[in-house]
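Peer 1: Chain order of the listed sequences is G and H. Just so it is clear: in the first sequence, position 144 is 144 by my numbering, and no numbers are missing. One rule links them: number in my numbering = place in the second sequence (from 1) + 256.
One thing to keep in mind: the hints can contain errors.
As the list claims (entries may be wrong) - Looking from chain G toward chain H, a few residues come up when the C-beta cut is under 10 Å (computed):
id	residue
1	Phe7
2	Asp11
3	Tyr12
4	Pro38
5	Val44
6	Gly76
7	Gly87
8	Gly89
9	Lys94
10	His95
11	Leu102
12	Ala108
13	Ser109
14	Pro111
15	Pro139
16	Asp159
These are computed hints drawn from the structure, not numbers from a lab. Ideal placement from N, C-alpha and C gives every residue a C-beta, glycine not left out.
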Amino acid sequence: MGYTVKFYKGDYLQRQQAANADKAVAYVEHHFNSSASPTASYAVVVVGSNASSTSRNWGRWYAKAVAEQFGTKVGGDGGILVGGWDGRGDGNVKHTKMPAVLLEPLFASHPQQAEAIRSEAGQAALARILAESIRRFFPDGGLVAFSVGHKYKTSSPNDRGAALAGGGTEADHAEKVLEKAARLLTEEAAAPTPRMLRVMQGDRLLFETVVDEDAVIHWSSDRNLLFIPEADGTPAPAPRTARAAPKKAARRGAGR
Amino acid sequence: MRPRAAALVLLLLALATTPAAADTVLRVYFNNAQRAGTEADCAIVFERTRQAPRTQAVATAALQQLFAGPTEAERAAGYRSPFSAATAGLLKRVHITQGTAYVDLHDLRAQLPGVTSSCGAAEFTLAIERTLRQFATVRRVLLAIDSDPRRYAEWMGQDCDLRNDHCDPAPFRVGR
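When you get a sec, could you build the whole thing from the sequences and use the hints?
Peer 2: Set out below in structure tokens:
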């Protein structure tokens, strides 16, 4: 099944009500975090105080993936803040009828993370993680609702959220990430894709291969070796036996 | 030195180095990741003291001190806050009724763009709440922008519900 993506504008309640009316299958509002301390750093996802287990698991999966990709920690309770911090942010997602997440993957106030947010590579990496998370948790496809945090609010049209350390605004860069994620989702082939194993350097895909849906993949940190069990259960050194996919196809490939 | 002269010198030194009896000592709260030992918890704040001229409006005085932000020396020691000289005039009015502090803010949202994030909101609201809860008469804190609590709630992505008295503006306008 394929995906369609629609960007919702207006005040946050109106966006959620419009997505409900459109029967979206998933709702994503993209922000970046910010602190008075330039060293504050973690990945976190706000889910509504009424969040389903799907929203919670989706948020945890996304925060963990971002933390791994960017070498930071997860914040909140295993990567999520249920109901936001003391209710702040709850109203942005709790009025949806579908699973909904408010993303705060990186800190706009952290100079190195702000640099990543401004970079094409950083935006592409965030977009890929988001697209992969949607494919994983909503494999049947459907309409995905995107909301750019702060921007396009009727009540506060000049709001752009936090300033990025070194220049730029939270909202403008969140929009760029969502636009990239939308392209990844809508340009993918409609047919279900198999589970993929990928090796990446920054945003560059070095290697990918199909692995069995049930395979338990094991990383040996002592040997720097990734084991993928064969169908009969015998571990095999994946990098030696697998074939690297062509770059174009690799970029179009979907993860699970 | 004669004993009486020495006593006078000691008295003058004491007066110069301790708060005058007429001063009020207030507490304000700031973040400090070094003292907290973590970069992943924005809800840890530390107490700093301020001296203000003696006043009965201690909540007003404390918030004015808080909204001026950390001093240069405190910043050098790792204290951080959403507040700074740019927000020193943030407080419009605060009054306390039946355990609730109603804090009315000027609309300085443009000077505080990061405080609606989850980390920024924790830093912003905890600093205000802890500063006000040093007074035994304060059990709860509600905020408004230009006497409009709904505007504050929308800014923070909060609903108007029981927790904020459904954004009732009336208490913020009492006595005006």
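Peer 1: Against this structure, judge whether each hint is valid.
Peer 2: For each hint, the structure was consulted:
{"no.": "1", "hint": "Phe7", "result": "19 Å, violated"}
{"no.": "2", "hint": "Asp11", "result": "7 Å, holds"}
{"no.": "3", "hint": "Tyr12", "result": "7 Å, holds"}
{"no.": "4", "hint": "Pro38", "result": "8 Å, holds"}
{"no.": "5", "hint": "Val44", "result": "6 Å, holds"}
{"no.": "6", "hint": "Gly76", "result": "8 Å, holds"}
{"no.": "7", "hint": "Gly87", "result": "5 Å, holds"}
{"no.": "8", "hint": "Gly89", "result": "4 Å, holds"}
{"no.": "9", "hint": "Lys94", "result": "7 Å, holds"}
{"no.": "10", "hint": "His95", "result": "8 Å, holds"}
{"no.": "11", "hint": "Leu102", "result": "8 Å, holds"}
{"no.": "12", "hint": "Ala108", "result": "7 Å, holds"}
{"no.": "13", "hint": "Ser109", "result": "6 Å, holds"}
{"no.": "14", "hint": "Pro111", "result": "13 Å, violated"}
{"no.": "15", "hint": "Pro139", "result": "29 Å, violated"}
{"no.": "16", "hint": "Asp159", "result": "8 Å, holds"}
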